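Novice: First to last, the sequence lines map onto chains U and V. Heads up: the first sequence begins at 1 in my numbering, then just goes up one per residue. Heads up: the second sequence begins at 1 in my numbering, then just goes up one per residue.
In short, the hints are calculated from the structure, not lab data. Honestly, I wouldn't trust all of these hints.
For lysine to aspartate or glutamate, the following DMTMM-like pairs were computed, each having C-alpha atoms within a straight-line distance of at most 25 Å [to be verified]:
1. V/K192 x U/D13
2. V/K94 x U/E76
3. U/K112 x V/E208
4. U/K137 x V/E291
5. V/K234 x V/E287
6. U/K23 x U/E235
7. U/K137 x U/D182
8. V/K94 x U/E56
9. U/K137 x V/E208
10. V/K192 x U/E72
11. V/K192 x U/E101
12. U/K124 x U/E186
13. U/K109 x U/E56
14. V/K192 x U/E76
15. U/K112 x V/E196
16. U/K75 x V/E208
17. U/K109 x V/E196
18. V/K94 x U/D69
19. U/K137 x U/E179
Remember, it's a predicted structure, so these values are computed and weren't measured experimentally.
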Amino acid sequence: MNRHPIIEVRNLDKFYGTFQALKDISITVHQGERVVICGPSGSGKSTLIRCFNALETHSSGSLTVDGVDVFEGSKEIRRLRQEVGMVFQQFNLFPHLNVLENLMIGPIKVRKISRAQAERTARKYLDRVHIPEQAEKYPAQLSGGQQQRVAIARSLCMETRIMLFDEPTSALDPEMINEVLDVMVELADTGMTMVVVTHEMGFARKVADTMVFMEDGRIVEVAPPDMFFTAPASERCRMFLSQILEH
Amino acid sequence: MRTFIGRMRWPDYLILAVLVFFFGYIWYTIEGTLNYKWRWELIPGYIIGYNADREAYFANILLQGLAATIRISIYASLLALVFGTALGIGRCSKNLTIRMLARTYLELLRNIPPVVVVFIFFFFLSQQLIDALDLARWSRGIARQEDIWLWEFFFGDMRRFPSIISGVIVLALFESAFVGEIVRAGIQSIPKGQWEAARSIGMNRFQELWYIVLPQAMKKVIPPLANQFISLIKDSSIISLISVQELTYKTVEMVASSRMIFEAWITTAGFYFVICFGLSQLFSRLERRREGQG
Ligand SMILES: Nc1ncnc2c1ncn2[C@@H]1O[C@H](COP(=O)(O)OP(=O)(O)O)[C@@H](O)[C@H]1O
Ligand SMILES: [Mg+2]
Chain U
1 MNRHPIIEVR NLDKFYGTFQ ALKDISITVH QGERVVICGP SGSGKSTLIR
51 CFNALETHSS GSLTVDGVDV FEGSKEIRRL RQEVGMVFQQ FNLFPHLNVL
101 ENLMIGPIKV RKISRAQAER TARKYLDRVH IPEQAEKYPA QLSGGQQQRV
151 AIARSLCMET RIMLFDEPTS ALDPEMINEV LDVMVELADT GMTMVVVTHE
201 MGFARKVADT MVFMEDGRIV EVAPPDMFFT APASERCRMF LSQILEH
Chain V
1 MRTFIGRMRW PDYLILAVLV FFFGYIWYTI EGTLNYKWRW ELIPGYIIGY
51 NADREAYFAN ILLQGLAATI RISIYASLLA LVFGTALGIG RCSKNLTIRM
101 LARTYLELLR NIPPVVVVFI FFFFLSQQLI DALDLARWSR GIARQEDIWL
151 WEFFFGDMRR FPSIISGVIV LALFESAFVG EIVRAGIQSI PKGQWEAARS
201 IGMNRFQELW YIVLPQAMKK VIPPLANQFI SLIKDSSIIS LISVQELTYK
251 TVEMVASSRM IFEAWITTAG FYFVICFGLS QLFSRLERRR EGQG
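Make the full structure from the sequences, and use the hints.
Specialist: In C-alpha cells:
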C-alpha cells in the first residue's frame, strides 16, 4: 500500500462555546487506508469527521487534508470538498431532484462538466451501487437502503479521493443494512481512502486497516482490527466492545 | 339546504332574528330618514356602457377600475415576489449588514401605518423614478400613436401609464415585506442537512441556496404566497390614495358624480369579494389536489 499521508490531524481541539467536543486529537490517515471510528454516542465522532471536510471548523491545532491546510476562511476549502465525499446518517438526498439529477448537479454546477458527460458518470456509479433502474425516480420513492446507495453514488460522481461516512446505516431498517455495507465493501476494494463512523463491527473486521475508539472527545485507542478486537489496550474500549458485540 | 335548516336550533333562530332586525333597522333608516332613492337599475350601465352614437358597448367606469385593479395586482405581485424573495434571502444571509438591512425594512413596514407607507413610497421613490425615466413623456408619445391595443390590453389608458406604474411599485414594495417573511420561513424550514449535503459536494453558498434550498422552500410556501396574493388584491385599494385609477378610486369618482353611494359601494364590495373569495376557493382546491398527489 502507498503510505502517503492524506489526512493529518495534529493536536486538534474543537469547542462549541465553552463545551469542548474534541480534545487534543492527533491522527494520520494514509492514502488507500480504511479507518473505522467507533465510540459511545456524544464522544465526538461526527464532529471529528465533519472537521475533515470543513463542515465544522476546528478551534485550534492543525488539519491537513489532501495537501490542503484546512482553516476557517481558507479559499481552498471548496476545492477540497470536491475531493472529499461525505455520506450522512440521514442520506440528505435532494428531494426536489430525481436520482439522476441528484448525481449530476454537483458535477455540472461545481465541476462545470457537460450534461452528457455528467450523465455518463452518473449512470456508471448508479451501476456501481446496483440501482441503475431507479435513475428517474425521486428520493421519496426509494427505500432507505436505496437512498443511502444513491447518496454514496452522489459523492462518487464528484470523483472524490476520500470518502467520509457518518453512521451510514444507523437510520436504516435492519434488512437494508447489508445492501449498503456491501456497496461500501466493494468501494473499499477499489482502493478508496475511507473514514467510516459505524458500529457495524462485522463490516469493520472485513475492511478496516485501522480501528479508532473515541470517548469523551478524545481518541482513546488506535489499533489494527485483529489487535483491537482481541486485545484492546484500554478498559473502556473493552467494555464498549463487549456491549455492542453482545447482540 | 334542507339539512342546514333541519340542523337549526332555537339559538340559531334567535341569532337570525337579531340580524334581521338589525339590518331591517338600517334599511328603515336609509329608506325612511335619509329618504334615499335606490337606483340599482343604473348600475349595469356603469359597468358596461352603451354609446348610442357609435352603437357600441364600452367598458365603463367600474369595469375600467376593475380591470386596472386586476392588472395592478398581477404586476405588483410578480414584482413583490422578486423583491420579497430577495428580502427573504437577505434575512437568512450570513452577512450581518444584509441581515440588518432586510430586518430594518421589514420592521419599518410592520410598524408604520400602511397609508403613511404608501405616501412615503409614492413621493420618495416611485415619483422620483418616474421623473428620472421621463415615463410621462414616453407614455404620452405612445398614447398618441394609432393601434395601441396591445399596450392598452396590458396597461389600460396609456395616458395613465405613469400612475399605474407608480401604483404597481408602491404596492409591490409594500407587499414584499410580507412575501419576504414567507420566503424566510420557507428557507428556514429546509433541514440543515440539505445545506450540508450541498456544501459537501463543493457548492458555494449561492449555489446551495439557488439549486438546493430555494427550489424546495418556494414549493413549500406556495400556499401562503397564494393567500398573500389575495391580500394584495384587497390592499390594492389603498393606492387609490395616490390617485391610481383602480376600482376603489373609480368608485369614489362615480359616487361623487352620481350620488349613488350605497349602490356603488355595494357593487364594488361585491367585485372584490367575488374575486378574492373565488381565488381562495380555487387555491384551496388546487392545494387539496396537490396534497392528494404528494
Ligand atoms: N452544533 C453543536 N453545538 C453544541 N454542541 C454540539 C454541537 N454538535 C455536537 N455537539 C456536542 O458535541 C459532542 C459530540 O457530538 P458528536 O460529534 O455528534 O458525537 P457522536 O457523533 O460521537 O455521537 C456532543 O456532546 C454534542 O452534544
Ligand atoms: Mg454522530
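Novice: Does each hint fit the structure? Answer for all of them.
Specialist: Evaluated hints:
1. Note on V/K192 and U/D13: the hinted pairing holds, with a Cα-Cα distance of about 24 Å set against a maximum of 25 Å.
2. Straight-line distance between C-alpha atoms of V/K94 and U/E76 comes to about 19 Å, which keeps the hinted pair within the 25 Å bound.
3. Between U/K112 and V/E208, the direct Cα distance comes to roughly 15 Å. Compliance with the 25 Å bound is thereby established for this hinted pair.
4. For a cut-off of 25 Å, the pair hint linking U/K137 to V/E291 stands: about 19 Å separates their Cα positions.
5. In summary, the hint linking V/K234 to V/E287 is supported, as the alpha carbons are separated by about 21 Å, within the 25 Å threshold.
6. This hinted pair checks out: U/K23 and U/E235 have alpha carbons roughly 20 Å apart, not beyond 25 Å.
7. For the hint pairing U/K137 with U/D182, the CA-to-CA distance comes to about 22 Å; that is within 25 Å, so the pair holds.
8. The suggested pairing of V/K94 with U/E56 holds, with an alpha-carbon distance near 16 Å, which does not exceed 25 Å.
9. For the proposed pair U/K137 and V/E208, the alpha carbon gap of about 22 Å is at most 25 Å, so the pair holds.
10. For a cut-off of 25 Å, the pair hint linking V/K192 to U/E72 stands: about 20 Å separates their Cα positions.
11. Only pairs whose Cα atoms come within 25 Å are accepted, and V/K192 paired with U/E101 is accepted, the gap being roughly 20 Å.
12. Proximity of U/K124 to U/E186 is assessed by CA-CA distance (about 14 Å); at most 25 Å being required, the pair is judged to hold.
13. As the CA atoms of U/K109 and U/E56 are separated by approximately 23 Å, the hinted pair is consistent with the 25 Å bound.
14. Distance hint between V/K192 and U/E76 is fulfilled; the C-alpha atoms sit about 23 Å from each other, no more than 25 Å.
15. At most 25 Å may separate the alpha-carbon atoms for a hinted pair to count; U/K112 and V/E196 meet this at roughly 20 Å.
16. As the CA atoms of U/K75 and V/E208 are separated by approximately 17 Å, the hinted pair is consistent with the 25 Å bound.
17. For the proposed pair U/K109 and V/E196, the alpha carbon gap of about 16 Å is at most 25 Å, so the pair holds.
18. Using a Cα cut-off of 25 Å, the hinted pair V/K94 and U/D69 holds, with the two alpha carbons roughly 24 Å apart.
19. Between the alpha carbons of U/K137 and U/E179 the distance comes to roughly 19 Å, so the proposed pair stays at or under 25 Å and holds.
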